[in-house]
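Engineer: From first to last, the protein sequence lines are chains A and B. The first sequence stops at residue 423 when you use the numbering used here, and every number in between is there. The second sequence stops at residue 352 when you use the numbering used here, and every number in between is there.
Check each hint, because a few of them may be wrong.
[Stated by the list, open to error] Covered stretches of chain A, going by a simulated chain B footprint (3 or more residues, C-beta under 8 angstroms):
1. 268-275
2. 365-374
[As the list claims (entries may be wrong)] For each label pair, taking beta carbons as the anchor points, the in silico distance ranges come out as:
3. A:Q206 x B:R311: 37 to 43 angstroms
4. A:S58 x B:M118: 46 to 52 angstroms
5. B:T158 x A:D188: 49 to 55 angstroms
6. A:G127 x B:A31: 34 to 40 angstroms
Honestly, the hints are just simulated from the structure, not real lab data. Every value quoted in this text rests on a predicted model; they were computed, and no experiment measured them. A virtual CB, placed ideally from N, CA and C, is assigned to each residue, including glycine.
In case you want the letters, here they are:
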Amino acid sequence: MLQSETQTPSAFFDGRSLKAKLRRAERWRKIKAAALVLPLAVFLVIVFVVPISNMLWRSVDNTELMQVMPETAAHLQAWDGQGLPDEATMAAFAEELRASRQGGGLGRIGRRLNYEDPAFRGLLMRTLRQLPVEQPVEGWRASLQSIDAAWAERETWRALQRASSLTTDRYLLAAVDLQRDDDRQIQRIEAEQRVYVSVFQRTLVIAGSVTLICLLMGFPLAYWLATLPTSQSNLLMIFVLLPFWTSLLVRTASWIVLLQTGGVINTTLMATGLTSDPLQLVFNRFGVLVAMVHILLPFMILPLYSVMKGISPSYLRAAVSLGEHPFIAFWKVYVPQTISGVAAGTLLVFIMALGYYITPALVGGPSDQMVSYYVAYYTNTTNNWGMAAALGSLLLIVTLLLYLVYHRMVNQKQLVRN
Amino acid sequence: MHTAKTQQMKLWLTGGLLAGGLMMAASAQAFTVISFGGASGDAMQQAYYGPFTQQTGKRVVPGDYNGELARIRAMVETGNVSWDLVEVESPELVRGCFEGMFEPIDWARLGLADELMDAAVEECGVGTFVWSTVLAYNADRLPRSPQSWADFWDVETFPGTRGLRRGAKYTLEFALMADGVPVDKVYDQLRTRAGVERAFAKLDELKDHIQWWEAGAQPPQWLVAGDVVMSSSYNGRIAAAQEEGRNLAITWAGSLYDLDYWAIVSGSAHVDTAYEFIRFSSQPDTQAAYSSRIPYGPVNPAALDLLEERQASRMPTASANLEGALAIDTEFWVDYGEELEQRFNAWASRL
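Chain B on its own, in the form it takes in the complex (with noise of 0.2 angstroms):
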């Protein structure tokens, strides 16, 4: 009896050893992908992740993450390299490329570089999607639609508590072009220390009306429950308050866009799979399948043509709302950024 009991822990250990060696060798051999996961993940999930698994017969491991590149830094200086495509924000991008966290591309190889908007061709990066950060507003609670950033700093016409992303980023774009800083203009001011003087300066005029978020989930929700009248809000997150059959509204103009990108970590064992991947979820289909599930705008122009009229309306890239709208300068805030973060919380620490 003891025996017998004994002999099959043995067999049920040997058996949990085995197995769990065999999926251990499975998850090194398979190519992984990695997302930001959220409303986003599961979008990819459906028009990526499963098409690419029927079309190709490849098997793709998702996965998600916030971005953080110490992950990745980890995994390359380690050599241990689990994680074989990301998406990664612009500055991380630009950041990840100058200290060869990720593979050049080889856009020769790729194809694409003329089907896909210009912001969307990297050096070591293809872009998978636009997103842009907004001028928000609840259409219940303002007389009349604000036009533009200076009506966002217009308390008198527009009373209530504003919010903004608690940072230095988006921030002081806004803040110049509320002081009437042609858009094709701003970077160039804040690149001076008189521009940067003036952004804050104009920040100094709301000061006490700003209600800063920290989490993009943020703005949507004190819009619906009126904690501010109007706010900077990522478009995806107010698009899906609207689908849920809230008054939300958005400003286009003087909107800050930027796009994710696919990267492949550097040293990779699937580069060839990654690069079938990016090649198939920047075809115009795949990607007016991900577009259609959330308001993210395809970097494939041609796919906007395969979208409903409401939804491409949607999009920060119909041409619509590019107008006034102004590409976020990646290369500006990976060399200022961290010094004027520095700068902006000791201002905002400041009562």
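For reference, chain A alone in the conformation it holds in the complex (with noise of 0.2 angstroms):
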């Protein structure tokens, strides 16, 4: 008896090994909570953050010469610029210039220093055909020389050299249309050239309008949803959501057709005689906002609705029973609870906004097109990833200083309403 009760309190109260049984306990529940936010974590990595540090990677990487060349690369590096490079320097480039054909490695400095000078491809295929198979009697310098006058020139190898470094900033400086000159400064480029701030701003103004548009559009709809009865809304928010249902190319090319000159709205608007010449209505911006505020206009207003419907009228009764004016009360006392649905609801439209690419490619002019418009366009087209990377860094990047300028402006509101 005596022993047990000795014996029972140092079991229970023995420190470490009820220490180590929580621990244990507790390091399981964390290993099963682990597993279940596992799959959901390897998905993020893989589709998220694998592809979006490779594209920050491929808007400076810069290593094509040097994995193809890389003997020439290191020459060029501890070349300091003047004059010519050594004879050693051109026989590592005769060397590597040759073998470069296997492989495909050719193709991979073509493309790179065509960004130098466009007549960097057509002076390597020069060069290949007529390159002595032996070490020239005369030297390689005066054999690439005689080959192409262009190797004498030490522009030409000024601009092997740029290609030599393991990052460069020419793709992010050309997505701000900006250069380094032949010493280094940063400098604009020239003024017929320069189109990519234009494209960002134009990209920024158009998701701005666009979620102005729908926000304006979506409130009182919401609203009105809100607070109809549960049968008749049921039947509008069909026709809120219809458009999700048809795909985005046919909502599109249905703009067109209403909106051309010789298309719906213009007939009817002549033939009524509201206007005797047809109205320019597509193929420019505002053809851009109708085409994007009617596909983005269901995310703002399911936010908002989804809001509003918590809300209760009894607020705004009590607030107009005080005797604030109607419309005073709900600007000061409905909206403000609404704010979170309208920090979603925009969020949402402006972040989908600036990716649209296809849409203003059909409705719009050429001044209406967006950042990725042109990402496509170099990824697609001329296979310049660096670029077309470096324009959808600047773009993330945008975005995330955006969202949080944003942010701490709706915390603010939110706050001040508290």
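These two chains come separately, so use the hints to put the complex back together.
Structural biologist: Next comes the structure, spelled out in structure tokens:
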């Protein structure tokens, strides 16, 4: 009895074993929790973290020459950029140029060097065809220069040197209409070539306008839907959701049919005598806004509706019964409660609008094309992934910055309300 | 009952997995030909794929894509080559060939070099048809037919909006032709700074009258709807609209022609079949069968004689239509395209 009394507490209160048991139980729970989120984590890493890091890297990646011509790149890195590189550099270049034909290396450096000067691809091809098999007696320098005079120019080798470092900022600079001149100073590119700064501006303006129009149109509609009896609001909700079930291309194409010069709207306007000449309603900014708002409106209405459904009408009634003007009561009592819905809706619409590509391509003019249009152009048409990645990375950074600003603003609003 | 169901399910599952595995194995073995699809893909199906399978017993798995090199590049770089033969446009052929994405063609082994037109014989590709970018107009809406690109620029005689492709390619060539540059000097001019300035200066004149198209289906649709009175357009699209009874017409002078090529993806397991297929699809009779279904010109001139007179006259390769036409200088566009497109976009964005 006594023995057991002394034993039992010691077994119970043996701090170490209890701690260990607790820890074990805790660990087991942690493992289970981790196992539950593991699929999502793996999914996110595979489809999100890896591609985005890859894109960020590609926007500064300059390793083409290093991989295909490691020795030449090393020699050029050591070159001071004065006069011409030494014979050893030229010999390494000639040897590695010949070897680059195997395994597609020539294509990679050709593409990279063409960004320095569009004549490079041809120069490499010509040089390769006439390159002597054995080491020439007069030396590689003379041999290369007899093949093409471009090899006697410092600028040709400087271009090679620029392409031989590990990273480059040329794509990121080019994505904001900048470049480095011969003295490595950053300067704006020629006025006729400047386009991307205005493309970024235009992308933000279009996405912002679409968001604003969606909010102005969606807010009253969501309010109406939220206050209607369920049977009627359900029916109307179907109309809101209808665009979701139609393909984006079909919707865009039908806007062209409606808005074009010989289209339904213009024919009607002219038949009724409201206008004598057809209005230009499509292939300009107006058409882009109309088509994008149409597609994105449900993404504004749905979050607003779900928030408004949860707001009790008694607050508004209380404010009015206390003598407030109905509109002021609506503005001061109702609207602040919808902030989270407005925040979700505008963010959703704005970010989706930023990436729009096919709609502006089809219903916009040349001054309505957004960043993704140029990303697609560089990815698919010219295969310049560095430039595509630079534009994509910049768009990502701009979006994140805007999101941060926005997040702070909304939080402050909510703080003030509380 | 319960176990029976589970058993059944297991059976289905195994069966499904097996079938799936078999299908994958089968698709890994089959000879895959990728085209641009659409009306041309249908014509290829009827003129090439079907008859080829009938004659040789070799199955052709058809597919389509938008011409993006990125997918082919990804395949070649990962070594996971599931496409064997692809239809490519000439810039992609030049670029892909330089970069080693396509197998070089062994012309001694293939033969054909003497039979096909010169432009069809390339280092990594075999031309399969010729298409053209032409001046098309709605004959109902113009007082008389425009004869040249100079007429296209003449808004006094031919009032109305014009359609041009949104991009530097074709547009700059047409602008120079309109400015009086002889057809054979166009690319010499464009290679110089002054020539590019001249082209953009000419475009400035017409800027307010241009509606830019993006997709090849747009010009005929706009011409029919009356959005534009004339437009640059792919000849095939105009012919299709003519078939539907629309009164659209083509001015062949100053047209730009280009070829689509067959290219064998580097690392394909079916190179022999690909050669056999290319040879089959380059014969006069198969080429005529293709061109009778879609107005793209045969690369084998002998095929023109097998076509009806009416059809042959619509082909970009008909001798009357080749007069005053210019072959697109693909090398030029591969080297200078990016720079000129950027300049074009900057120019077009300025109002």
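Engineer: Tell me if the beta carbons of B:T158 and A:D188 are separated by a distance inside 49 to 55 angstroms.
Structural biologist: Given range 49 to 55 angstroms: holds, Cβ gap about 53 angstroms.
Engineer: Are 3 or more residues of the region 365-374 of chain A near chain B, judged by a Cβ distance of less than 8 angstroms?
Structural biologist: holds (count 6)
Engineer: Falls inside 37 to 43 angstroms, the C-beta gap from A:Q206 to B:R311?
Structural biologist: Roughly 53 angstroms apart at Cβ, these two residues miss the hinted range, so it is violated.
Engineer: Given a hinted range of 46 to 52 angstroms, is it respected by the beta-carbon distance of A:S58 and B:M118?
Structural biologist: 48 angstroms, holds
Engineer: Could you see if the CB distance from A:G127 to B:A31 stays within 34 to 40 angstroms?
Structural biologist: Roughly 39 angstroms apart at Cβ, these two residues keep to the hinted range, so it holds.
Engineer: Between the region 268-275 of chain A and chain B, see if three or more residues pass the 8 angstroms beta-carbon test, and mark the coverage as holds or violated.
Structural biologist: Violated, because only 1 residues of the region 268-275 of chain A bring their Cβ atoms closer than 8 angstroms to Cβ atoms of chain B.
The structure fails hints 1 and 3 (numbered hints given earlier, in ascending order).
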